[in-house]
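Visitor: These protein sequences, in sequence, are chains A and B.
Position 24 of the first sequence, counting from 1, maps to 24 under this note's numbering, and the rest follow consecutively.
Position 394 of the second sequence, counting from 1, maps to 394 under this note's numbering, and the rest follow consecutively.
The following residues of chain A were derived to be distant from chain B, with all beta-carbon distances above 12 Å:
#1 Glu118
#2 Gln321
#3 Gln435
Just some of the chain B residues that point at chain A, by a computed CB distance under 10 Å:
#4 Gly232
#5 Asp233
#6 Val371
Everything labelled a hint here was simulated from the structure, so no lab data went into it.
Glycine is no exception: its CB is placed at the ideal position from the N, C-alpha and C atoms.
Residue strings, one per chain:
There are 2 protein chains.
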Amino acid sequence: MSARNGSQPPNVISAGLELFADAASEQGAQVRRIDWRPPMPSSEQALARVMADRRRVQANAEALARITSTAALLVDVLPAGPTLGLGTTDFLHAGPPIGWDRASGPLRGALLGAAAFEGIVDEPEQAIELFASRAGYSLDPCHHHSAVGPMAGVISASMWLFVVEDPSTGRRTYCSLNEGLGKVLRYGAYSPDVLSRLRWMSDVLGPLLQQAVRARGPIDLKAILAQMLQMGDEAHNRNRAGTLMWLREVLPALIDSAAPSSDVAEVVRFVSGNDHFFLNLAMPACKLTLDSARDIPGSTVVVAMARNGTDFGIQVAGTGQQWFTGPAQLVDGLFLGDYGPEDANPDIGDSAITETAGLGGFAMAAAPAIVRFVGGEVGDAINASRRMYEITVGEHPMYSIPVLGFRGTPTGIDVTKVVRTQILPQINTGMAGKQAGVGQVGAGLVTPPAEIFVQALTALAERAAPLL
Amino acid sequence: MSARNGSQPPNVISAGLELFADAASEQGAQVRRIDWRPPMPSSEQALARVMADRRRVQANAEALARITSTAALLVDVLPAGPTLGLGTTDFLHAGPPIGWDRASGPLRGALLGAAAFEGIVDEPEQAIELFASRAGYSLDPCHHHSAVGPMAGVISASMWLFVVEDPSTGRRTYCSLNEGLGKVLRYGAYSPDVLSRLRWMSDVLGPLLQQAVRARGPIDLKAILAQMLQMGDEAHNRNRAGTLMWLREVLPALIDSAAPSSDVAEVVRFVSGNDHFFLNLAMPACKLTLDSARDIPGSTVVVAMARNGTDFGIQVAGTGQQWFTGPAQLVDGLFLGDYGPEDANPDIGDSAITETAGLGGFAMAAAPAIVRFVGGEVGDAINASRRMYEITVGEHPMYSIPVLGFRGTPTGIDVTKVVRTQILPQINTGMAGKQAGVGQVGAGLVTPPAEIFVQALTALAERAAPLL
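Excised from the complex, chain A in its bound form:
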């Protein structure tokens, strides 16, 4: 409250104290209300310690510079086995580490399908015994192998991968090829048509895309991502323009290839008929740029958000390979056909790597039509992007949002800002059926569990530089 003399009404600035503001206002004071909330519970001490870390500001600037400047070129398409060193019984999954015992329905369904696809069993459900036995196979997060996978994110040896490279370091990231929507392995479905589609993808799609990408030469995925934001895509649940722009890049080489024209036509039909195909290119591009910011001492920037359908995990630039995990949340959104909330599994997939890089939910203002897929109003989508500037360290110089006057996307989630504001990262996502075998049931909006940011903050505080 400002100093005052005589009979002038007092001038009051109220930071989050609504009852006080109301009372002052009723008594004739001029009240300016500032939206403010206290930081997350039990976070004050760690927050003070991390905010005082003299390395923090510079470390976060370095993280943002690396994330935004790292190039991401599609350089090859390769089979997962030799590329990632996977044998027939080695499986990768989305999200932080988890075992079969705690695995969600869609992750179990995808693993059963992958086991049948690899020929370990004849029928997917015969593999339950193997997985439950805890022996004779390996199960590891994609993220531990420079890879990402949407939804269940299961990668097995016979699948093919996009290979994305940062030419300045030679670092590579990997992602499986997108199967389309509905009844597909990554949503936990494993029916015979799911497996036969996977076989065609390994027998025809992968090898043909390999030929085309090698003949075409490296494709700049960030240039496509930048264009997508001008064309109503946000690169998580809208990838329509991206898919078509990417196809345009490989088309002449595909057509010029020696492959039978019926195979070429089928590949073109498959890719162009799947508006989500580019998601599996956006994801490894985002991971490649974010991985460049790993292991920067003192940085509070999030470098991965990932879900396995049970746990939501984050990794932070200043805390190495440590995961901070809490329960994956239920998604609020739109359902397919007769499905309803009771059919949906909690949040799942590595695709939140797009939000971690400032795309997806963070760039929804560039993709207002997405509300027809994930629910809500256009104004909500625009406000979601605006809100994310409150919890990020900067704006992306290449990715801009036309309707916000070409402002750069909010980039580099800062753990301290999330804890201080209690604003959680906004993710949009597909919804898998919670029963293994069902497939997709909808799409919607979700946030991480708040407590994982306090965990991360605590770990950052433990590693903070000594006070001077």
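Could you slot chain B onto chain A? The hints should help.
Guide: Chain B only, in chain A's frame:
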């Protein structure tokens, strides 16, 4: 001013009277200002007569219903000569009728190029004598032959045309194939590379697209237009998503065709490398739907806006084939390279048929990134669309603008509303160099000359139904 007693300050509603409103406000009155301007000069009597025409409301509702419900299917690709009955010396042009004597530089340039392309002369400039002689050739508006052409809009016998059909009536409209940007015939350029590109388009592109479209079957252009508005295109100066979505439709048939794969690859490269390719599909689709509203007695809805580089002309549902013309205006926008305002020809082309159908400038709110091509701020683009609701009879049920909460595009320009509000239709457009041979110099925003709407209103008043 409302009735008042005692000492209460008066309540004033001011409709457009700013000086009065200021004076009343200064004297303590509560003033509510309503934006209002008098109708266009000399229009009052005709306006009263047309507004009183008892057929008007129903006729305009009928016009809107026809425009929005008429289907537009791409059914074929054909050579112009036999299709439109053009001989080697017959030429079509954009806009209302005009002769060589009053033709603008870019229209002259395109005619010279077309004469050489048809083999009437060896070098384009040798045709000046022919055209100046006023004999031995014909020159007619595209619009008089169910056709449209962007910019100079010149169509000659050897060019190929898209054929768009309304299946319920069998009516067809036509448009040439898009050459790309820069030094191209439609912008008035006629250098050897322009002519050799046209030859390739007639020898390879047209016949191959014919094969593919016939094999594929009819393509619903309105479905593509509806999607484009969700993907940052407004179908006049942004057709990126549209071009790729259209290519997706014909690709499998192109690849399956018996044509040499090098030709197929070249066609795919040409189409996918030209973000404006779909403009020449959007235009005949718009014309087809608008032509369905011609000849509705009493309707004040505009069914064509077209420019020949000298004159801007409109045609109206209630006044048959009559053109109302005035001087084409200069375009305000962005220039390529070293070009400036002194290099630009006034407004030219049939492409304002997109605005007439509620797309282009009317749908700019769906395409905020267009301001990087035509100039201005994103807010201007959104406000331009909002303003167009003031002068249109309704909203399109299929074409929606996400950022306006999926509101339908403003559709059906009403001559009476333009005259009453003095709000002119907002067009975005390419800019041709004013010298024949130059080609494109920029892109920007423009409006029609106001007086042509008063002319149209006067003609509507003369045809108004007798007062009861």
